[in-house]
Structures are given as C-alpha cells and as structure tokens.
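We have chain A already, so just place chain B on it with the hints.
Residue numbers (this note's numbering), protein chains in the order written: chain A, -18 to 335; chain B, 330 to 879.
Derived by calculation from the structure, the hints in this document are not laboratory data. The reader is advised that the hints may include incorrect statements.
Said to hold, decoys possible - Derived lysine to aspartate or glutamate pairs resembling DMTMM-like cross-links, with alpha carbons at most 20 Å apart:
#1 B:K470 x A:E276
#2 A:K37 x A:D104
#3 A:K37 x B:E381
#4 A:K37 x B:D378
Stated by the list, open to error - Beyond 12 Å from chain B on every Cβ pair, some chain A residues (computed):
#5 E47
#6 R64
#7 G78
Glycine included, every Cβ here is placed at the ideal spot set by N, Cα and C.
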Amino acid sequence: MSSSASELLTGCVINEWHVIEPLQTFQGQTGGVFSRGYIVQKNGKKAFLKAMDLYKALNAGLKAVESATRQFNFELDLQSLCRDKRLSNIVKLLENGEYDVPTIQTDDEIFKRVYYMIFELADGGDIRRELSFDSYKSDSWKSFVLHRVAVALTQLHKNDIAHQDLKPSNILAFKNENEYKLSDLGRSSSKNHSAPTDSIPFPGDTSYAPPEYKYGFIPNDYHDRRYGSDAYLLGSMISFLYCGLGALSLTLMNLPRQYHSNASGSFADVLPFLINAHTKAIINLKPNLPNEYREELAKIYFELCHPDPQVRGHPITRTLPGKLIGLERYVSRFDFIAKKLKINDRKREIQSAP
Amino acid sequence: MIVNGKYKVLLKWNRQVIPRWRDSSEPGVMAVISKDNEEKSLSIYSTFDPEEQVSSLLKEWNTHKTIGGAANILNFSHVPALLPLLIEPAEYLLANSDSISPILKKFSLNLLKTEESFTDLVQPNVNFSKRDISAFQHASKLKTYLEANPRDVVALVDLARVYTALGQNEKAKRAIQVAINLYPNHIFVLRSAARFLIQNNESELALYQINRSGRTLHDPWLLATKLAIEEILGKRHNQLGVARELAESQKIDSFHLSELRGAIASIHLVNGDIKQARKMLNKALEKPNDNVVAQAMWASSKYNISFNLRDEWIRDPHSSEAIYYQHDNEGNFSRAKDAALKWFSDEPFSSRPLKAASFVSGLLEEFELTETYSHHGLLLDKYDVGLKNNLIYALVGQDKMDEGVKHFQQVIQWEKNNSDSFGGHTLANCGMILYRVGYFKDAEESYRKAIDIFSKNGSSESKGIAVASMAREAILMNTPNAHSLLMEAKEMVIKLKSKAGYQVLKSLEKNKLENIAIFSEKFIRLGSDNKENNTQIANKLLTFKDNVCK
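If we strip away everything but chain B, and leave its shape as in the complex, we get:
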C-alpha cells in the first residue's frame, strides 16, 4: 500500500509564505496594497453637495420626464448614499426598456438589485471537464480585452493565471513578462509574477524581479515575498535586519505586516529557533491574512506550535488551505478533501491542493477520485513524485496493474535522476504492487524498507500509514501472516497516534469479511489467469526492490 502524499504534504513540503495569486476580480486582491498616501487623499466631493444636486435634477426631471434626463441622473450611482434617490429614474428607464441601450438597461437593473450583483466572486468548481471549458472561456474573454488594449496589465496577469491553471506555462510566462515590463513596480503584478515564476521553477528570476523593484525594501508585502523566495533558494537574507525592523513597526497596520512576520517566522523555523518562530508567528497572527493562517496551521502540525485558532480566520472564504491542514490534523479526512478541493478552486494553477486532495481521497479509498486528482495535478506539475505515487496507488487500487506499473517505472527513473535515492512512498507502492501480483515476501520487505525510511525521517504519520497499508494488503491477499501483520499495525498505529494509519485500518474493518473474501478470491483467480503477466510485473519491480533493500 502506498504511503502517498502525507510524506510530501507534511514533511518535505516546506511551506513558505509565498504570495497568493488570485484573479483580479477576487475580493482581497487590493487588501495587500499598503496605505501610504492617507495624508494625500482628497475627496472631490468636498465642494459639492451631491444630494442637493441630485434632488434638484430629480425635481427638474419630474416636471418633464425624458430618457436622457433619467440617464443623466443615474450617473450619480458611484455615490452610494445617493442610490435610494436613483430608484425612480432607474425604474422609469426599465419601464421604457425598448427605447434604451442594453448597457443602460443592465446598469438600471444592477442599481435596483442588491450589492451582490456587482461582486464577481469566482465560485468553486471542481468538475474538471467543466473547469477546463470555463477556463478556456475566461481566457478567450481576457484575450478580447487585450485585443482592445494590449497594455491592459491586469488582463495580462489574469490570463497568465488561466494559462498556468491549464498547464500552458510558456504562454503564461510570455504574458507575465509583458506585464512586468509594463508595470515593474506594481504590487499586484510583482507578487503575481513572483508566484508564477516560483510555480514555474524559476525562483531565481522571481527574486531578480522582486529585487529589481525599488519598492521592495519599503513594502512589507514585497519584502515578505523576497524573504520567502530567498528561503526557497537557500540564499542568505541580506535584508533580514531591514525586514525585522519593518516587522516591528508601530506605524503600519498589523494586517500589512502579517506576511512579513510569517516569513521571518519561517526563517526561524528552518534555523531551528522554535522559540523565536513561535513569538513571530503569534505576532503575525495579530491580524493575519489567509496565507499566514495557512502557514500557522502548517507550522502547527509540523513543529507542534500551538496557537489559538480564531473562528473568523476559518470563516474567511479564502482560508481553505488552512482548513485543509486543520481537518487533516484532526483526522477528518472527508472534510479535509472538501477543503482541498476548495483550495484548488482558489489556486487552480497549483498542484499542491490536488496533491492534498489525492492524498486524502486515497486514505478514504476513493480510488477513482484519487486517480482524477492526481492526473490533473500532474498536468500542472508533471514531474511531481508525490502526485505520481498517488496516481500509481489509485491505479493499483483499481486493479489497473499495467498502467500502474508503467507509471511506477517512471517514478523510479525520476527519483534516480534526481538523487539516486528513493522515497518511502515509492517503496510502499512497490510493496503494494508486489502484494497484488502474489510476491508476498518481497512485498513485505519493500514495505518494511519504506517504514524504515519514515522512521529515520521522523514521519510518524507516514510510518503509521505504511504499517497499516501493509497489513491491509496482506489481509486482502489472504497471506499466511496477514493477521499478525494486522495486530502489529494496530499496535503501531496506536503507539504513533497516527490518525491516517487509523483511517486505513478503519477502512479495512469497514469492509466485511465476506467482501474481503470475495476480493481475495477474485484477485487470486485473476492472478492465476494472468500468472505470466504477474511474473512479468514482478520481474520489473524485483530488481528495483532488491537494489534498494539490500
């Protein structure tokens, strides 16, 4: 059985406070722009009394009602307090809707509706076929904007985001490059570009762009991004002193300092200074954004740092990543899956939410879903070993052995090319396949090697899953030592307090004995029918296993 995503999600996944990248229409995009011009703000309304103006126009219009007069009055709609006064002319225009322009009709309708009609929230959409269609439609709309105005930098950045979500990173990069050339100091452009370039494995270029902006050293949001990228690249933080000073500023609202404080906390975590990290993280949580809350939840599970979770953080519609960590930590995997999918709706260009979703759906033995999530995640990050292992697990779980083995061989190649060492979940997958083709001893050996790796890494959750999975496979294949492995797994899972391991065992107990018997019978019959094929599969894996386990 695979020890899928968990290892990747909670251990190797060294989360940094890299910027969120949202569509420009999403609420909260503007929130990251620090107030720096309050003293310069000037209301143009100071010399006017717009209410008096509208009242006078209404009085005039009431004596002689015309469409032009009503339309003229609607132009005051940008003053919210005046909206009640505009109802009558809007209704008049709608009553004459055959004689007005479609846009004036739409405007009047919007005016008579509630405020929500103006907001343009992106609804979560996890239907992948529909998602792609809507992404292409969105891209087409954005291209229309760019045809009308090639210098529309917001459309360029939004288009890059859609391209990234569709896995078209080259096109996305071109759009981002144009955007950054047009507005090299704009915070939305810079943070979006940084996020894209990190996603596209070009963190060096991301850092270059951030460093190039004269705004970075004065803007806490950009400085946080700079620190996060330097951390990803393992670089020295030359401006850490400046960042610390800015993070302590009393003049800047805590919200605007939250990511910077979160980024400094991450540096302390990596340096092993848990005390300082906790202190800075608590400061970051004074007034956090969703990114910092997710960072805190992640740090909480990895470094066991406790803090008080506030309800309002979780109620934030953008807090799905944090909610995922929360449910995952609590062992509520069904809810964790929902949260991961919402997270993916928020970050459709990122493979991480899908890695998380495929991991929890794997634990829940929803193999078809695991396959779908892994497959789509690999479209976004085609060399992600964790996602590939989750895909293999899903395929083998559905008896798609040949396909599973084909992907498994690719994983071995990737891992060999990268470091010539193999991850625990690759070995666990090897064990799962070998169990299914009837090579029980080799399968157990492969699993035990995986467990050993997890023990050395200190990943108790992954170890718990591996032990429980090995027992599960043994039970399913009705091996002679199946029950002793199950006892061993139960003891180990309790000892490790592994919620994910417990979930594997719970799934096993949920399947009634007769179902397991039917499964075993079916599988063994299939195995005997495909004896030759099974031998071929085993031969492909045994060399690998022997090399790793010796």
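The following block holds chain A by itself, in its conformation from the complex:
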C-alpha cells in the first residue's frame, strides 16, 4: 500500500461532509502521530478536518500505536471539553468519529480506518498573513488580537488546561465573526487529563520557549512551569505582533554570546544576564509599541516575559497566597488598550475625511 488512509480522503463524504481538498500547509506531525488536514464542506459551510490513521504508527511499533492513540484521544477530550464548556476563543470542535476509506481494497479494517475531528474553519488563516509593521492602523488590531488570545488562555486556565504552544500559526482569524481564536491543543497540559507530553518540560514550539528550558531548568511549581510558560508565550506575542520577534529571540539578541550556551553554570548563574538582556529588549521594543500605550505595553511585556519563572506574571498576584500568574489582570488591560486605540483610529479617520 503506497498511501495511508488519511492521505486518500479527497472526494470522500464523511457524515455528509464532502472532503474538498487537502491542506498542504497543515502541520500534522505532532507527538509522533501522522495526521492530515483537509477542507470539508457540508450544506455550504466549510470546515477543517484533521484525520489520523494508525498505518504508519503500526509500522513504527506498538509504542507508536499507543502514543498515537493517546495523543488523538487527549486532544479529542480537551477539544470536547472546550466545546462543552463553550470556550468562545478556542477553535470549536464540530464533530468527530471514525471513517473507513472505501477506495482502499483490503479486508483489514485497521488499514482503511481514519479517526477524525472536524473543526470550524478560520477563513482568515492565521495572524502571520495579516501582520504588517508599516501602518499605525494595525496597532489597534494587534492589541485586539492580544486581548482575544489572553481571553483564550484564561478560558483554558480556568478549566485547568495550559496551552503550552501559543505561537502565531496557532492564532486563527475568523473574519466573518471578527474574532481570533486559539487552535491546536495537541501540546497542552491538563490537570485532569493525562497528556502524552506530560513528561516533557516544555512541549511547545522551541522557537518561542521560555528561556529557562534552554538552560535545562524546570520550575518545580506547576503554576510556574505550565501557566508561567503560557504567560511567557502571551508576552512573546506582544513583541511578535509589534516588531516581528518573539521574546526568546529578542532576549537572545541582547545577550552576549558567552551566555547563550548552558555549557557552564546553572540557570541561576545565567539568570541575571538574561534579566539584563530582557531589560535591553524592553528598550529595543518600546519604539515599536503604540505611542499612547508604549509604557504600559512595555511593562506588560516585561512582566509576562520575565526570564525568572518565579517572578513572571503580575507583580501583585505573584505576592498573594498561591502566587498566581494573574493573567486575567492583563485581559482587562489589553481590552482597554485595544478599545482606546480603536477609538483613536476612528478619530484619525474622521479627521482625515474630506
């Protein structure tokens, strides 16, 4: 058999969903599970189908089968929970199930069976498509995106889920709804669901990872480790949206080479130099932030992306019992900033109108 079942879905009809075309750019390699993305349509409504089969996993051995199954079930559990709890800023799971591909000529069901999840389709793609740095008008949009992402993260955190993989490609634009939602819970961590990636200190994309993991330091506290990472990733989106670089890149850019490696010393030894680089990063970042809220956004970035995982987050909630990250405090600030900047945009539009 040259192709696996999940690669042969174009033209199939799955529970009245017509599989239109594969999504070439879909990043399907997660946790060793091979999955494919498709555009599907039902009653004129387009959606996104994520399909997984066990063909390649079987070739890789029993462990791979277990891993693939666990990964798929974990994601399905979390997405079902998000749907049931009506988490508005998490991409919604519409359907899920199994499907046997009829074009595969074999009696062995395992080879023609596909496990799938169907999600609402982001018509605007992810934020990388929309991102630009050449117009003040985009400032309000960027703050709006930050607000929606912060809302998404707090929705997850309230349900004991840490996303762990917040990055530009996972922030999807729903143009019709004027909404931005967070996708891909495949690398999340949940207090109530055992995840295949639970043993990995930071399962998300390494290019946006908090710096402690680069130096082999794993915070002991669950909050610092999981929700703290989400806070860092949220702060990282401030710098990405306003200057194009995530916090890790911005910090390392300001860190002398000798401190880049974890070849000597411990994270505690490197930490003051990382904080120094982080301070310099703030100064680099500031000119790129919207004039009216430059100081406040810089302060938020400073707190969210602080290299010390024990300090990271809101300084007030960090000193309260439980030492919570306090992400909800940033939600209201992003909301305020986004609305104010939007008003400013309108004022400018009125002033420039003939």
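What follows is chain B alone, placed relative to chain A:
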C-alpha cells in the same frame, strides 16, 4: 632623577590573585562559573526536530510569502545549525525593509552577517578625553537600563565599574551595595564587589561579603578570592585546609582551580616557601586564566621562579598585564608601555596599569605621556605615592619646576603621615630637583641616600635606575664630577644587570653631546634668570633632605 614606579611595581607591589572585574559583555566573564549541574542539563530540543519544523515552515512560506511568515521563521535563529535555512526569509524581510520594524531589520542584518556582529568586544581606548566621553555615554546607557528595571543587577555592577573608572567611588559603592543585596550569592556580583571594595580600600568589607556567601567554601573561584583578601589584610587563613583539598580535586577542571592554586602559591611565596610555591604555581599553570598567568609572570620577576611561557597564554586578548611584566623583564620598555595601556583598557578602574605605563614612559623620557598617565592614575587613586612621584618626575623633566615642587611637598606630607619614613624614589626625586636648581652636592647626597635605601631593600633594578639617573642629571647640568658619575653608573648598571638602568644610560647617549650642551646652556641661563626662584625651591627641599640624610 626619579626612581619612579619600578620600586613600587616590582617590589612593594605584592600582587595577589584578586578577581578580574570586566564588563558583563566581555568574553570570559561566564568562564569563571564552575560547572556544577551537568547532570541536570536538559535540552528542550530533544523531542523536536527543529530542522524539520523550519523546513516545513519554509515550504509553507514559499507558497505564500508574507512578512509575518518570514518573521516567524527567523525566531529559530537561536539554533545555530538552522542559520543557513533562515537566509532566504531574512533577505526577503530586508527587501521589504520599508515595511518591517527597525528591530526586525537589525535582526535580519545581523543574521546575514558573520558571528562577530553579535560579539560586543570593548576595544582598547587610551585617548583619555575620548575615554571619559565614552565612559559617560556607557554610564548613561546603563542608567537607562536601570530606569527600565531597577533590579537589573548586571547593569548595576557594570555601572559601578564605569563609576570606578571615572573615579566616582561613592556612586560605585552604592551600586555595588544594591547589587550585592539583590544577589548575595552570585559569583559575578560577589567577585566584582570584592574587586571594587579592595580597590576602594575596603578589603575588610570585601572579606565580609565573600565570607557571608554560603557558596564560598565550595566554589574554587570564590575561595581563591577569599584567600587573596585575607592575604592583603594579613589575616590568618582558617580555611586553608579546605582550599588545599579543593585545589587537589580531580573532579574539577584545572581551569576552575587555577586561581585557587595561584592564591595558595602566593601564600607560600609570602611565607618564604618558594619550593611549595613553585609547585603550586606550576599546577595553577596547567590550565590558567589571564589572572594566573600575570601572577606567574610577576612571581617570576620577583622571586626568580622559572616556568615555560606558552604562546597561547600571551595570545589571550586579556593577557596584557602578563605581557607587560614579560616586556618589562626583558627590558623592552616601548612594548611594555603598549601592554600597560592595553591592560588599562581592560581594567580602566585600576591605577596599577597607569602606574606601570607612567613608569616605562618615564624610562623612555616621554615626559608628557608620563605626566598624562600619572595624572589619570591619580584620579583613580589620589594618594598613590608611586604615581605622585612619577608625576613629579614628568613635571621636572619638562622644566615645570614650581608645579613639580608643589607635588613633591605633598608626597613628603603623605609619606610622613603614613610611616614617617621616606621611599627611595621620593629621595631620588628630591635629588633630581636639587640638580635642576643647581644644588649639585645636596642633589648627589639625596640620590646616594635613595641608592642606599634600594640596596637595603634588595631592589637592584631601582638601584640601577637611581645610579644612572644621578649620572644623567650630572651630565645634563654639566657638573664637575659628571663624567666620573657616568663611569660609576655604567659599572653599577652592568654589575646589577639592570635593564631599566641601562635604558636611562641609553637615552643619555642617544642625546648627542651638542644637544646636551644646548640643554645645559639653556638650563643654566634659565637658572641664572631665576636664581631667586631656584633658591626658594632649594630651601623648600634642603630641610627635608638634611633631615633624611643625616
């Protein structure tokens, strides 16, 4: 003629292995942090194949090129192996540089350049006016960091270093105190604080801070600092046994033990146990840092301990202090001066490099430079007798007699306040001034007293300089016994094998006879014109000289 710095540099200057204090951006700062967590190290990349990730992103980006997509890919730049894959998106961003943020433009440019663009080496700068300007600019930048983050301890320590280089020690101390309160156990903070406090004549406080850290007894770098400070203070080494045991450790890389071994060797030297000192110094040199190499070079010249100098030690960009000792020992004073200036670029807060530079430039009769170096050295350590004497020598050498005498009177006061005894080079300076104002007999008497002091101290180099200088002054002033003094000096310099003394005589022979004649004529004419002034100067000095020489 003055017997400037040499006496101070090579004899009284009891060098200890006190920590280097470099700007945090300087390569090598991190090297002093011992590996103690290798087993804990964990790569976050173990579950990922970043190359596959970037390849996939590139494939996606190539189908629909956007600025956001290219920027996203550049965030992988912290994985060095991936840099070649990032060239295309970086070039794309630069081609659209009008539409990207300045910081993304800078990042893309850095990515397309060589690695050097990331390193932030401090270039040697010995232009003092420019140096101060750049120091103030650096301080201003560091203050900006501290405004943004008052708890930025690295900026605090770097700022303290700049303040110290500018002679603003009170401000430096405040910055250091805040730094040490924030990070009382961090090795960079502790070693920098110790160096500052020693520099600021607060070695007791330096020792207190080092002792207070629970890390000291387990960290060879901090233990070395502790031993060095105790040695400066003349204190008993209660932890010498622990230090010896740690210095013999087979588990720790020799590099991390080099300063500790160097510090133990210094203790043996002071105790007169040259055999043990040599043994420990050779161990320290198994894998030394620049501080230990400089210590070895210094010990070599003072205690005549031989060891094989390796080329790689001298090639180290931070080895300027060791190179200074090397050229000074070889009698290559011009190169020694260059090395001293590089050393000053490395340690702009320390007066020692300037003392060394003013000493060798004095030997080379570059009086203006000697004046400049001494003057700037005194800004860093305003009560340094050696620097003050070098300044006097430079001033008198340029016929700035009144100024020279004013400083000379200050030196006498300082020495009197300190110990009520006078150093050889103060007496030699006295001799030089008295020669210049025509009091030849008193001048010679003052020089001979200086030579006597150097003989008693066993400082043959300083003795050689004093004898040669006395002859030089006599020749310049055309005294009746000038030629016999010159013969005496030549014999003495050969006998003592004094390279510095030879340099003085060489300078004298380089000046052609007619130049000397012109100088003598000019000086004697000036002297006759200022007879009253000369008498006043002589009167100021003669009481001092008579008291010391009687």
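Run the structure past the numbered hints and jot down the numbers of the failing ones, going up.
2
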